[in-house]
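Chemist: Listed here are the chains, written in short residue letters.
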Amino acid sequence: MRHYFTILNHETRMLLVNPGTYIAAVLFLAVMGFFFTGMLEGYGGAGQEQSPATIFFRFFFIPVFFMVPLLTMKCFAEERRLGTLETLLTTPVTTTEVVLAKFGSAYLLYLALWASTGGFFYVLYRFAGDRFIDPGPLVGGYLFIAISGLLFVAIGVFASSLSRNVAVAAILSFTLLFGLIVGLNFLETMAVIDLEIMRPVKAAVGYAQVFEHLDDFSRGVVDTRQVIFYLSGTILTLIFSILGVEAKLLQG
Amino acid sequence: MTDTPSAPAFEVSDLVKTYRGITAVNKISFNVDRGEIIGFLGPNGAGKSTTMRILTGYIPATSGTVRVCGIPVATRAEEVKRIVGYMPENNPLPEDMRVSEYLYYRGRLKEIPRSRLGPRLDEVLERCDLTRVRHRILGQLSKGNRQRVGIAEAILAEPPVIIMDEPTIGLDPHQILIVRDLIASLRGRMTVIISSHILPEIEMTCDRVLIINRGQLVAQGTPSELRREFLGRTRYLVEYAGDSALLAGSLKLIDPTLQIESSPGEHSGDASRAESSDGFRKVFLTTRQEADQGESIIRVLAAQPGIRLRSFTHSHPSLEDVFLAATKRSWDIVDSPPQR
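Chains as they are written, first to last, in the working numbering: chain Z, 1 to 252; chain X, 1 to 340.
Derived by calculation from the structure, the hints in this document are not laboratory data. This structure is a prediction, so every number in the text was calculated from the model and none was measured. Mixed in with the good hints there might be a few duds.
Residues from chain Z that face chain X, not an exhaustive set, calculated with beta carbons under 8 Å [what the hints assert, rightly or not]: (1) M1; (2) H3; (3) L8; (4) T87; (5) L89; (6) V93; (7) T95.
Here chain X is said to cover these stretches of chain Z; the calculated rule only asks that three of the stretch's residues, wherever they fall, bring their Cβ under 8 Å from a Cβ of chain X [stated by the list, open to error]: (8) 9–23; (9) 77–84.
Listed next, with one range per pair, are the computed distances between beta-carbon atoms [unchecked claim]: (10) Z:F34 / X:I169: 27 to 33 Å; (11) X:E95 / Z:E246: 22 to 28 Å; (12) X:R132 / Z:N9: 54 to 60 Å; (13) X:A184 / Z:G83: 33 to 39 Å; (14) X:E95 / Z:A204: 29 to 35 Å; (15) Z:F211 / X:E95: 49 to 55 Å.
All C-beta atoms, glycine included, are put in the ideal place defined by N, C-alpha and C.
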């Protein structure tokens, strides 16, 4: 792991000098700011039962769909296209170090972008006092973002490790994220899953409901099963990314 | 460093690499001693790059063994990567970094201590004539500078072994000269393997040449050894006027194996060009003898009243001829129907 921080440092710098990162950041803050003001207008019209943080974090999937692919699509696809993956892997670094460092830098940036939405809540607090700020759902929401982000970013890295085309990697990671977040949600409502023979599938699908996880976190319930779901999913996806990079070497 | 100083730089035996049923490298074996500069020749798609990638530990071989400085690549690839400096074909570089930043990053990856990296960076930049462009962005560099960044990167960590895939591709003659000097300056200190299409290049810088074709090693040796093996004779180019029968007769006296070969003009099928307007014609004399017979040939021809001699040259077959002969021979072997 001696090269982990060297590569992490390099990757983070490369992300910070890349215009794409700033486009993603501006897009992200604009969309989230739009939701936030829309939500506050709702509060202006009539009293709401839930705290602003709970409602706000329910929109998490929209930025995840476009931001995670934008942040992670280049990490292997671009290097493979340019051929710099070859120069990187002929130095004494292991594939594991490279995958973890690329994952780490994308994840840090993901966190940094979400952290910047803290500004919205600060503005709300500054002008409305603590009438609307309920620390429980706020902390729970950010905790959910941090933990689920591990898996989402890992999925983006995995998609990038499979292709040499940046656009293909982006679409693949969007598809995988959509399947995980929306697809599984939809699957649970289908009638076919209520059949007796589908019982184990129903149990597995019920366990992997991202929106329910969010609700639990927002209520301040940190279920270790959910944390383990994201952590194990992340580790598995990263192992697949490592295998993805190495499998391409075998094929030439 | 974990290399054993006594082991040869490379020991390759029966190396095979197949991609999805296509054999890219087929049972190649060779050894390279420490401090040698080896040229790797072969037509496109002959398996040069594949072989080099296997030597660096980047891709695994299908079968066969490779040892770099005594370390087996298959099982201890990490250690091999520590002692090999590698520059891939076309030298891919990240677009949006500065030259010095890139080299610093590579130096850190190659485990050069931070304290030593600064001075070493200056030294390498100076040696590769990159000091003027050290703050430029890699994506905006000229082809020549990019290649030199690649060479700088390969020698940065002072590895005992350097592998460069086509270091002079796409350079102008002046830049080729600089690269050649750079490679020559590594002689004795580092073992260098370079591949190239530019044959005079290889001939000038390399101690030994390996020619591969269709994944097989078809020839190896010093350029002069290869000449002898594939062309098997010494050639002289004579320009004379007079009776050709007389010439043949007097040559028999010197050396019975001396033969008159087609002149450069006749060779291209244009007989009129062989004889110039003033009656002089050019012919090749070939012999199986290795000793230089130039002096006796000149003496005999000058003493022969029927022949006027205008020029006499010892014609060196270029590596190109050897290369063509070697690859042609291997094609003949591969293409010939199996003998029963």
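Chemist: All the hints need checking, so say for each whether the structure fits it.
Modeler: Going through the hints against the structure:
1. M1: Violated, about 13 Å.
2. H3: Where the cut-off is 8 Å and the nearest Cβ of chain X is about 6 Å from H3 (chain Z), the hint holds.
3. L8: Interface hint status for L8 (chain Z): violated (12 Å vs cutoff 8 Å).
4. T87: Because about 6 Å separates T87 (chain Z) from the closest Cβ in chain X, which is inside the 8 Å limit, the hint holds.
5. L89: Hint holds; L89 (chain Z) Cβ to chain X Cβ min 6 Å, cut 8 Å.
6. V93: holds (6 Å)
7. T95: Not OK, violated: T95 (chain Z) not within 8 Å of chain X, min 11 Å.
8. 9–23: holds (count 4)
9. 77–84: It holds, with 3 qualifying residues against the three required.
10. Z:F34 / X:I169: 27 to 33 Å: Roughly 52 Å apart at Cβ, these two residues miss the hinted range, so it is violated.
11. X:E95 / Z:E246: 22 to 28 Å: Because 25 Å falls inside the window, the suggested range holds.
12. X:R132 / Z:N9: 54 to 60 Å: Once the Cβ atoms are compared, 27 Å apart, the range 54 to 60 Å for N9 (chain Z) and R132 (chain X) is violated.
13. X:A184 / Z:G83: 33 to 39 Å: 27 Å Cβ-Cβ, so the 33 to 39 Å window is violated.
14. X:E95 / Z:A204: 29 to 35 Å: Taking Cβ atoms as reference, E95 (chain X) and A204 (chain Z) lie about 44 Å apart, which means the hint is violated.
15. Z:F211 / X:E95: 49 to 55 Å: Roughly 40 Å apart at Cβ, these two residues miss the hinted range, so it is violated.
Going down the numbered hints, you'll see the structure goes against 1, 3, 7, 10, 12, 13, 14 and 15, while the others check out.
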